[in-house]
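A.B. asks: Below are the chains, spelled out letter by letter.
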Amino acid sequence: MTSVTDPPQGSFRLSMLINDTRYRSYTFQFIALVLLIGFMAYLGINLVSNLAAQGLNISFGFLGNAAGYDINQTLVEYDSQSSHLRAAVVGIINTLIVAFLACVTATIFGVIAGVLRLSNNWVVRKLMAFYVEIFRNIPVLIWIIIIFSIMTVSMPAPRDFRGEDPSASMLFESFAFTNRGVYSPAPVIDGASGWIVIGVFIASIIGIFAYRRYATKKLYDTGQLLPMLWPSVALFFVPVTLVYFILGRPITLDYPSLQGFNFQGGLHLRGSLIALWFALAIYTGAFIAENVRAGILAISKGQTEAAASLGLRPGRIMNLVILPQALRVIIPPLISQYLNITKNSSLAIAVGYMDVTSTLGGITLNQTGRAIECILLLMLFYLTISLLISAVMNVYNNSVKLRER
Amino acid sequence: MKKTAFYGALTVAGFAASMASAATLDDVKERGTLNCGVTTGLIGFASPDANGVWEGFDVGVCRAVAAAVLGDPTAVEFVPTTGKTRFTALASGEIDVLARNTTWTFSRDVDLKFEFVGINYYDGQGFIAPRDLGVSSAKELDGATVCIQTGTTTELNLADYFRANNISYEPVPIETNAEGQQQYLAGACDVYTTDASGLAATRAAFENPQDHIILPEIISKEPLGPLVRHGDNDWADVVRWTLNALIAAEELGVTSANIEELAAAPTGNPEVNRLLGTEDELGAMLGLEADWAKNAIAAGGNYGELFEKNIGENTPIGLARGLNAQWTEGGLLYTPPFR
Chain D
1167 MTSVTDPPQG SFRLSMLIND TRYRSYTFQF IALVLLIGFM AYLGINLVSN
1217 LAAQGLNISF GFLGNAAGYD INQTLVEYDS QSSHLRAAVV GIINTLIVAF
1267 LACVTATIFG VIAGVLRLSN NWVVRKLMAF YVEIFRNIPV LIWIIIIFSI
1317 MTVSMPAPRD FRGEDPSASM LFESFAFTNR GVYSPAPVID GASGWIVIGV
1367 FIASIIGIFA YRRYATKKLY DTGQLLPMLW PSVALFFVPV TLVYFILGRP
1417 ITLDYPSLQG FNFQGGLHLR GSLIALWFAL AIYTGAFIAE NVRAGILAIS
1467 KGQTEAAASL GLRPGRIMNL VILPQALRVI IPPLISQYLN ITKNSSLAIA
1517 VGYMDVTSTL GGITLNQTGR AIECILLLML FYLTISLLIS AVMNVYNNSV
1567 KLRER
Chain X
672 MKKTAFYGAL TVAGFAASMA SAATLDDVKE RGTLNCGVTT GLIGFASPDA
722 NGVWEGFDVG VCRAVAAAVL GDPTAVEFVP TTGKTRFTAL ASGEIDVLAR
772 NTTWTFSRDV DLKFEFVGIN YYDGQGFIAP RDLGVSSAKE LDGATVCIQT
822 GTTTELNLAD YFRANNISYE PVPIETNAEG QQQYLAGACD VYTTDASGLA
872 ATRAAFENPQ DHIILPEIIS KEPLGPLVRH GDNDWADVVR WTLNALIAAE
922 ELGVTSANIE ELAAAPTGNP EVNRLLGTED ELGAMLGLEA DWAKNAIAAG
972 GNYGELFEKN IGENTPIGLA RGLNAQWTEG GLLYTPPFR
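From first to last, the protein sequence lines stand for chains D and X.
Following our numbering, the numbering of the first sequence begins with 1167 at its first residue and continues without gaps.
Following our numbering, the numbering of the second sequence begins with 672 at its first residue and continues without gaps.
Same shape as in the complex, but just chain D (with noise of 0.2 angstroms):
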């Protein structure tokens, strides 16, 4: 017969740290970080000491130094007199925008891909098959170049455009296909009520949610379904529209034209942009696509029979049943992929897209060959950016997950 006696109370020994495995993974934890701690410690004195040995020391001092090169897309005020500093705030805009752009854009494509990759109908799943291997299993950087060169080649030059019966000519008089990219009209927003007519438009999007959560509710509350569609399209174009022609069309469009060596005026979109957008949206689109599937499939098929025995019709059983529950598997690794295009956006360089890899980590490198400090501040960026990222989207997992009542 054996005994079971209690552990011994209150009197730790140096020797439990060993031999008792309550405390010890928390010994070896320990010394695994002192260890850690050390060699970290070892390889920055390294640097240091070899970069003394060099002549080189660490500073950020070239940031305020005139940067000297001129960038093509520029939302903030920027001229080659301006600092690196600068640059590389635009290099940051620049990064921003391609990869709000391709997230947007990846999402529309992966969900729609996703969803109709468990289509009913043989051609259309196949097809979506067909574009998901395809796009996935090729690297994105194969792809950023294929756009990108087939829109300089296949694409005409601004000068055929020019002389009395040009080999090439404008679409609706608006809008220039070139190898440099695309030229549309911009709107021009004249004066004050220009400025009011974006507000009545943000108002009536602002608008279109309130009324859609109001319907929703009344649904969830009374079991009333309100008409969701009609009223949201009216909401859309009405009032901007009424306030548009009331003011005296206080927006007006300045079209691209013909100047020089060059189209002037409208709205210029780079080749680089398009290439590197389209090519992270297409590509990412693919991966997103699978999360969407594997999101759907992980919903029990009885859930949609349920639906659909309720009288559902399949669309509705999608958008009301399936994609809500859906979401909770979805979400997670629609961060990462988030995280993937922010990151992939730094192949811009080799379209010649001046983000801040290319700024930044590129020309400001290369000019003041401060190639460390670059790189630690590039490092910074992207893990800045990605947490960034990561919590805004990990609130809104929080936001759609399952509720338990």
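Simulated from the structure, these hints should not be mistaken for laboratory data.
A portion of the hints provided could be inaccurate.
DSBU-like cross-link-like pairs, simulated, lysine-lysine; straight-line CA separation at most 35 angstroms [claimed, not checked]: (1) X:700 to X:784; (2) D:1567 to D:1467; (3) D:1509 to X:892; (4) X:755 to D:1509; (5) D:1509 to D:1567; (6) X:810 to X:892.
Starting from the known structure of chain D, arrange chain X on it as the hints suggest.
C.D. replies: Positioned in the frame of chain D, the structure of chain X alone reads:
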């Protein structure tokens, strides 16, 4: 996150550790090959031929150094570098010498801690435009789209030139000369700008070179030359005097045709004797064999021969000697004496 920082530190530290290697001469001798950084391909200056053998004017410098140090002009490992990767490659010790039309500037020499050992081509930045664009001067380029290699001095000169002339342009950044050529030919940019020698080399590769004109403006000074890491003076001396030997050989009339004969026995000209190792011991002072300069010159000929063979007027590149003639012929080439 901890891991990211760790790998980052590891990379940076590894990069810094390899920077601290001195005594490149011993490394090269021990390795048996010279690692030479060249362009990714610029016809006439450095490009692989149909058999994959690198040839060109800059390649000639690499081969001369290899011949001087190792006695074998083929003992060279060519490392193609872009405008952006070249300095990292040199600073990290991946290459021993960079012979890649690189402009000698103050900041590269002083701030980036490199050592320019001399100038093997006096150049300046120019523009190339299609003839049917109807442009005859760079000053008419207001609003033009300009292809430009990023991370080069030409990029800075371009910004300065257009600013000084108060005209605007749209830069199209590209990475390599081949990419620039493709974009330019497709009409994605109106003009292409780089060093005038590079433009001539690029134009030579076009299907219809006569359809393109090089605009008359030369907007900068671009002294191009080989460079090594700062701080290894012995190695810098080897590369510097190899280049000087090529230039001096032309001045002294030593060619690949007559070098065997001149090196066989002391001649009447003491400087030729010192250069070819039949008098004094210049080679030993450098830590090399007595026939180092003879090997270097025999590798591809003297400076003039290299020029004529690779980029001269009888080649498709068709560059005149101009500033790159010997000082005795009214050019700028002037080597310190071998004594």
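A.B. asks: State for each hint whether it applies.
C.D. replies: Do the hints match the structure? See the list:
Of the pairs offered as hints, the one joining residue 700 of chain X and residue 784 of chain X holds, with about 24 angstroms between alpha carbons and a cut-off of 35 angstroms not exceeded. Using a Cα cut-off of 35 angstroms, the hinted pair residue 1567 of chain D and residue 1467 of chain D holds, with the two alpha carbons roughly 20 angstroms apart. At roughly 39 angstroms between alpha-carbon atoms, residue 1509 of chain D and residue 892 of chain X are farther apart than 35 angstroms, so this suggested pair is violated. Restraint check for residue 755 of chain X and residue 1509 of chain D: satisfied, since their Cα atoms lie roughly 20 angstroms apart, inside the 35 angstroms limit.
The suggested pairing of residue 1509 of chain D with residue 1567 of chain D holds, with an alpha-carbon distance near 27 angstroms, which does not exceed 35 angstroms. The straight-line distance between the Cα atoms of residue 810 of chain X and residue 892 of chain X is roughly 18 angstroms, inside the 35 angstroms bound, and the hint therefore holds.
Against the hints set out earlier in the document, a violation occurs for number 3 only.
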